[in-house]
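Asker: Chains A and B, in that order, give the protein sequences.
Each step along the first sequence adds one to the number in this note's numbering, with nothing skipped, and position 341 is 341.
Each step along the second sequence adds one to the number in this note's numbering, with nothing skipped, and position 203 is 203.
Derived from the structure by calculation, the hints contain no laboratory data.
Any given hint might turn out to be false.
Where chains are identical, the list cannot tell them apart; a pair therefore holds if satisfied intra-copy or between any two copies.
Listed next, the in silico BS3-like pairs over lysine-lysine satisfying Cα-Cα at most 30 angstroms (straight line) [what the hints assert, rightly or not]: (1) K456 / K433; (2) K104 / K43; (3) K31 / K70; (4) K329 / K402; (5) K104 / K88; (6) K156 / K104; (7) K391 / K326; (8) K315 / K411; (9) K31 / K249; (10) K398 / K71; (11) K398 / K18; (12) K71 / K326; (13) K398 / K329; (14) K254 / K31.
A quick note: this is a predicted structure, and the numbers were derived from the prediction, not measured.
Protein chains: 2
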Amino acid sequence: MSNGGKKSNKQAIFSINKEENFPEWYGEICKVAELADVRYGVKGFTPFLPWSTMTMNLMFNLLEEVLQRKKHLPMLFPTVIPESSLTKEADHVEGFTPQVFWIKEFGDGQELEERLALRPTSETAIYPMYSLWIRSWRDLPLKRYQRCSVFRSEVKSTRPFLRGREFLWIESHNVFATHDEVLAQVMEDLETTKEVVTEEYGLPVLTFKRTQWDKFPGGLNTYAADSLMPDGKVIQLPSTHDLGDNFAKAFDIKFLDENNETVHPFQTCYGPAISRIFGAMISIHGDDKGLRLPFRIAPYQVVIVPIFRGTDEDKVMEYCRGIESKLRKSGIRVHLDDCDATPGWKFNYWEMKGVPIRLEAGPRDMKKQQVVLFRRDLLERKSVELDGLAKRVRNLGKEIDKNLRAMAEAKFEGLIVDADTMGGISDALDQGKIARIPFCTIEMEGLACDEEIKDKTGGEIRGTRTDVEELPEGVCVVCGKPAKEIVYVARSY
Amino acid sequence: MSNGGKKSNKQAIFSINKEENFPEWYGEICKVAELADVRYGVKGFTPFLPWSTMTMNLMFNLLEEVLQRKKHLPMLFPTVIPESSLTKEADHVEGFTPQVFWIKEFGDGQELEERLALRPTSETAIYPMYSLWIRSWRDLPLKRYQRCSVFRSEVKSTRPFLRGREFLWIESHNVFATHDEVLAQVMEDLETTKEVVTEEYGLPVLTFKRTQWDKFPGGLNTYAADSLMPDGKVIQLPSTHDLGDNFAKAFDIKFLDENNETVHPFQTCYGPAISRIFGAMISIHGDDKGLRLPFRIAPYQVVIVPIFRGTDEDKVMEYCRGIESKLRKSGIRVHLDDCDATPGWKFNYWEMKGVPIRLEAGPRDMKKQQVVLFRRDLLERKSVELDGLAKRVRNLGKEIDKNLRAMAEAKFEGLIVDADTMGGISDALDQGKIARIPFCTIEMEGLACDEEIKDKTGGEIRGTRTDVEELPEGVCVVCGKPAKEIVYVARSY
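Bound conformation, chain A alone (with noise of 0.2 angstroms):
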């Protein structure tokens, strides 16, 4: 990072083989490359360093642009939440409780009246005002997200962005006067997912109804879109919730209709975790040499490293000055790299640290007025013209993205694959793929055939695909009894 022109004692060189070893190459990654630093002191607390906060705000704010464009407006709630109200929703409070962090106390020993849970999510902040704000069909929709951090005490083991204990998100709620809309805005937020996660981010998703006994709590279906991580393992993106009216119930939520009736509402929220989708985007998009970051989404799209070669060092610079001054004016996020390392060593350095495009310009590049340009997605380097250059990095930053988005999606190509047996979904997780099984039902019924299916293989069941429609045959791989529907089995975060 930029920092006084003196390149300092930071790591450079980084090789690691990812598909050998993903969890050191993830460990790794995020300390040379000052993602974040897990010597803090609380478990699953971790700072975030400025190459992983400004990655992060740039993924926030694409997310952001695509909600606000459907018409979702920002607010702000409080961190607390008062434990009358978290506690309203019976499944609700059972399924967060064992993951809140509480306050009691302040000051000197002074206690609170009520104690105060840090939100794990904040329906039960936000329901008792939806309540006093919604009184008239005129008031609906009403879509509102916000953007926060949220604080679960995991009992599994953090990593860094992937899981910890404090984690950075977007959730959406909003509320509707029918079902209908409700499921209307489920599919919007799959969209979005696959707008922002897929199509910006570089991402490829599989979309899943939820089983019954994997929702959310206090809801009726939960919908997830399921990405696949280096070692096999599938990670939940993000997920959203029909609602239906129980919380609506739970904290009285009610409108007057257009028919004078007073009634109560339907909800939808959605939670895309960005801290969480950063840790999978690391992982998916990294190669051996570190970081491989899509240029929308790069803090720095372009760096610029001066070849000195003599006594040309000031012009050299003023010519490396000329282009980065043209390629900020239109638009693109660019450093000039002119701390007193080697070439080679910012090299490797900005390489490491995903820097999507690199410019290199010494005395035969300012005389053929060229300059070197270097594509960290395929490591590539040739030399261009300076004319037209910043239409050139714009255009070369599509087909990165569209280049990283491919290899991620290519990883997908013979994923699924069909098992009938116990031993064809062993067999298939055992490779890295997904089972796609026939089962009895996702309805709380299908659990027992779950377990039995996690005890014996270690998957577990993600659900019914959205996107396609399947017609189940056969028998359930586990009972035996008619299935009902194709679900898919993976290995999981």
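Chain A is already provided as a structure; the job is to place chain B on it using the hints.
Answerer: Same frame as chain A, but now just chain B:
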């Protein structure tokens, strides 16, 4: 706000004499303009609604732009601080502990190994990590900031934005090899305040060096900007602190200097509380009809109100949509209000919300290829050509911002009056002015004199000016010792 094309039962008309009854004006505008809702149910914690959230986001963006231009990079630390870190600097812990919220329990009655504080400010979270990150002079200067919320169990009565138990800010934490750089950073921070708070948000400030008894706990010196509220009280907008090497010593931050010696660095921190500045901004710019938002930070810079007269609805809407799209393309934040309320209702509503420019367009305007343009600051209307509208709007936006700032600055004129008796101070304060007085000293020995001033006049010493050099004459108003400085006394928030 855009709400599915229906007007709902929102209030459109606002009318309170701000000068005569500022507290009532403030409470009402927060409610009617949908800025904050005080009914959340936890004292001092207030949800921020879309209109204030969007404005504050724009305020944050402008501030972050300036910080990043000045080479400060964003990062994000955890919300919780382990007690052992919080209590490492003796004065700091004494200053902040009375206000800290503590977390000790999680889940169903489990206890944490160590109590965690909700950050009241983040020195004690960040500096233990700085002690790991900083090794050599090559790592300096280190300039980092974070955008986050902080928590203080205020004993004073709370008010939305102006004083809350959770508020939004940026805190910038910088480390330097020398104390001279610290002083330069302090001046840069005061300059940033003027660049952002005055030039972008339109709020004039006076900048002071605070007294020794009114400084940041644990620091050497505090410098701060004060602005003036409509009730004649001053309000501290950002403050910046010269921490000397106190925290470096407490947190064991050391580096190897260019002579290969291990020494402690020097530090500054700077904390612009955007939610508080937002509260001051709406107070200072607002008028009896409601908010007047500066063009630079208004969520909607322009609202378009279609005027239907009989049968031309579709054509008028098309005309308005054309205007909307042209303005949006040129980067202006524009909202076309197509809800089913009357034009008069919409005029009142958006005036109350403070949108700087309103455009009205009906069949007659359409025929003449014109639009009626209304500016909120002066409540003036006139017809203008459609041709060149975007440019006209942008220029008018600048003019509005200049005008709002000039009106706020006019309040500063004749504000400062000289006094050399206790009665003179009281008279000045009773007229809503600031008294300029000779004073013994802003070192600790002056505390008793300040306390006497506070007791007798209700005012307090804001410190010595940083922007003008002032030679003291005569004797301290209180103790009669020779005056060592000229200080300013005001009633304050």
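Asker: Could you run down the list of hints and mark each one as holding or not?
Answerer: Quick rundown of the hints versus the structure:
1. In this assembly of identical chains, K456 and K433 lie within 30 angstroms of each other by CA distance solely inside one copy; the values are 16 angstroms within and 79 angstroms between copies.
2. In this assembly of identical chains, the alpha carbons of K104 and K43 lie at most 30 angstroms apart whether taken from the same copy (21 angstroms) or from different copies (14 angstroms).
3. In this homomeric assembly, K31 and K70 come within 30 angstroms of each other (Cα to Cα) only across copies, at 26 angstroms, whereas the closest approach inside a single copy is 37 angstroms.
4. Taking identical chains as interchangeable, the C-alpha atoms of K329 and K402 lie at most 30 angstroms apart whether they share a chain (25 angstroms) or sit on different chains (26 angstroms).
5. Within a single copy, K104 and K88 get their C-alpha atoms as close as 19 angstroms, and across copies as close as 23 angstroms, so both meet the 30 angstroms cut-off.
6. In this assembly of identical chains, K156 and K104 lie within 30 angstroms of each other by CA distance both inside one copy and across copies; the values are 25 angstroms within and 20 angstroms between.
7. Taking the shortest alpha-carbon separations for K391 and K326, both the intra-copy value of 11 angstroms and the inter-copy value of 24 angstroms come in at or below 30 angstroms.
8. In this assembly of identical chains, K315 and K411 lie within 30 angstroms of each other by CA distance neither inside one copy nor across copies; the values are 46 angstroms within and 52 angstroms between.
9. In this homomeric assembly, K31 and K249 come within 30 angstroms of each other (Cα to Cα) only across copies, at 26 angstroms, whereas the closest approach inside a single copy is 47 angstroms.
10. In this assembly of identical chains, the alpha carbons of K398 and K71 lie at most 30 angstroms apart whether taken from the same copy (27 angstroms) or from different copies (28 angstroms).
11. Taking the closest pair of Cα atoms, K398 and K18 come within 30 angstroms of each other only inside a single copy of the chain (25 angstroms); across copies the shortest separation is 53 angstroms, beyond that limit.
12. Proximity of K71 to K326 under the C-alpha cut-off of 30 angstroms is restricted to the inter-copy arrangement: shortest distance 20 angstroms between copies versus 35 angstroms within a copy.
13. With identical chains, the CA atoms of K398 and K329 are at most 30 angstroms apart both within one copy (19 angstroms) and between copies (22 angstroms).
14. Only between protomers do K254 and K31 lie at most 30 angstroms apart by alpha-carbon distance; the minimum there is 21 angstroms, versus 50 angstroms within a single protomer.
In this structure, only the earlier hint numbered 8 is contradicted, and the remaining ones agree with it.
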